[in-house]
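Chains as they are written, first to last, in this note's numbering: chain A, 1 to 514; chain B, 1001 to 1236.
None of the hints are false.
So the derived label-pair ranges between C-beta atoms look like this:
#1 A:Glu508 to B:Ala1132: 31 to 37 Å
#2 A:Glu196 to B:Gln1182: 55 to 61 Å
#3 B:Asn1055 to A:Gly209: 54 to 60 Å
#4 A:Glu258 to B:Gln1054: 19 to 25 Å
#5 A:Gly209 to B:Thr1192: 40 to 46 Å
#6 B:Asn1070 to A:Thr177: 50 to 56 Å
Please keep in mind that the hints were generated in silico from the structure rather than gathered at the bench.
Ideal Cβ placement from N, Cα and C applies to all residues, glycine included.
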Amino acid sequence: MIKSVENIVIVGGGTAGWLAAGVIAARHQGRIQRGTFSVTLIESPNVPIIGVGEGTWPTLRTTLEKMGVSETDLFRHCDAAFKQGARFARWTTGAEDDGYYHPLMLPQGFTQINLVPHWLEDEQGRSFCDVVTPQGALCDEGLAPKMITTPEYQAVANYAYHLDAGKFAPFIQKHCTMKLGVRHVLADVQSANRAENGDITSLTTQQAGEIAGDLFVDCTGFRSLLLGKAMGVGFKDCNDVLFCDTAMAMQVPYETPESPMASHTISTAHSAGWTWDIGLPTRRGIGYVYSSRHISDEAAEAELRRYIGPAANGLTPRKIPIRAGHRETFWKNNCVAVGLAAGFLEPLESSAIVLVELSAKLIAEQMPANRGVMDIVAARFNDVNHYRWGRIIDFLKLHYVLTKRREKFWRDNTDPASVPDRLKNLLHLWKYQPPWFFDEFDRIEEVFPAASYQYVLYGMGFKTEVMPGDNNGSRATATSYMSENLAMTRKLRAQLPKNRDLVKKIHEYGLQAI
Amino acid sequence: MANIAILNNTLHRSVRVQAGASARYGDNQRFVPVIIGEFPHLAAHYPILLTKDQNTGAFFAGAVLGFDENENLFLNERGMETYRPLNLQRGPFYTAGNEVAIDLDSPRIDSSGKPLFTEAGEPTQYLQSIMALFRDLKPGLEMTKSFVETLSSLKLIEPIDIDLAFDDGSKRKLTGLYTVNQEALRILPDATIIDLFRKGYLQLIYLMIASLKQVPVLAHRKNNALLKSSALLAGR
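If we strip away everything but chain A, and leave its shape as in the complex, we get (with noise of 0.2 Å):
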């Protein structure tokens, strides 16, 4: 008889581990519940915890849902607070008014119409952004994506969150453990037993004994215990693509309590990488990600603290190394990686927490049945985390490419021998089509949709020809959705309250669940 799977074995308690629990226990909670299906998370009680980014995609939304999270909980318990998108400063000519929006926002329309050929044919004087979507002047004005009788969950302008990652994995814990049924083990692995054909039978451990499982899912970060160690898998790196291979973090506290709050990550390039700046409610986390081939620490953390300002005074910034790179792959026997399992790149786009959701839900929603069909899913998976990853690195690398900073480590990432194939040939076709839908971003859960790449191109100055004529017949509709853009921006900035009063709010009201 072919051995069903029936027992899911995740190890590592950080953020990966939890939220994979979560996903994969709230999908399968009817077997859960009838004693026939069962996850455990094995947490080493000596292992500290790396809190990866702050920053999260809204996708974290609809799996907080799904997993029966109170949103309210969410901003109470982990120091939650809108994010609706990134500005990039600095990043094309390091002018001090050199900035542009990648808001969460789809262009208006953008289901009928490519913009972008019409912005180009009469850009008015203003940005792409601002012509197609309210969201960066919401923005600038430190603006809620929605209100206090707005129900969990739901947005008046697409967010997600910045929230301390220390503090979501326990919250998260704590929801598996206690609603969604998950077994909680306190050890540390001390070795995989295999069986002949290679797949894991059990854990041993050092406090719990063995530990039996079907499914064993990596969650031990960079040290990848099982995937990498166990199973042999290699790691792929791509610091030829993307040079940044140090951060440092620091965590600074507001001017006052009632200080405004940004409800967007602020990206700011320097001479040899680029800080982040995210503000939680009680303090911003503020880190410079940067190639220690073009700086020394010294020196980077001296422009760090230049960025800050006074505000560091007495602070001591963190260091954490970074290998940008991934698996060869992800899934192999009856072993899967997610997480910084998996691999990890500099987190210029908030991609670590996103990327766990996607993993955790394609285990979840395609947990194979049966051990003879397992390789059949993993291959998928393997296949589609290979296209993921490489998106993701052409996406982060075209914020490179396109700036004219003239600093050695800005002049490399612009030579060809450093940009990905294919994304050089977009680039090139892109000079005379704009990305859009027709665009081979084809796949149901892309991470990032042909508008991302629009907001950043065309946030950078990038040029595409446009053929005269060529807008001629859908210029009527074009306009209608820019003046609809026109009409929506004032009514959100004057309906819309400030950031930090919102989450305020939310603190002593709360959110309706409709």
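Chain B: place on chain A using the hints.
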């Protein structure tokens, strides 16, 4: 701007108040907050629905009296012929702790109105009726809050969209209103239903459901008003 003072039989001995229902005095409200004690009176005339407090997002109960801003379809020159909700009856009065307070800037303060105190400084029958009203209204607000919170925690609240088309060709769309989710009510566990019954909540729930029948009645009233005004415009 309100100018609210604790009522005092010396300072306010000569104050007189217009008590009747009139648009001039603020009875022209399309949605009036209500308490559960009023539900039996309300359900006979008005839809009892929930909406969200703009400041806190919390649900509260109210009676729908009209569709447009400042429209109370039950108000005419003679006042309100149907049950007048306590929140309208209370006029310019408020409570502050155990005291009755009054908004001295209210348009209801008028020398041709009803006196509050006798010559001897005793509360008049009118003021006594206001004091009695607050004895209902004040605890009623808390009880109503508990009732609504119970509906919310049992996930018994659902949005209701009211789309109306009138004979003069105009349309109205009411949003931000909520009612009881009857399907969610039907599948509640027996023990919960018994608990709701013992608290008196089940009856309130059914009054809310029954009051939905007042939506078309209200629409009919509105339709007549519209036709009357368009007939006037046409000079007929």
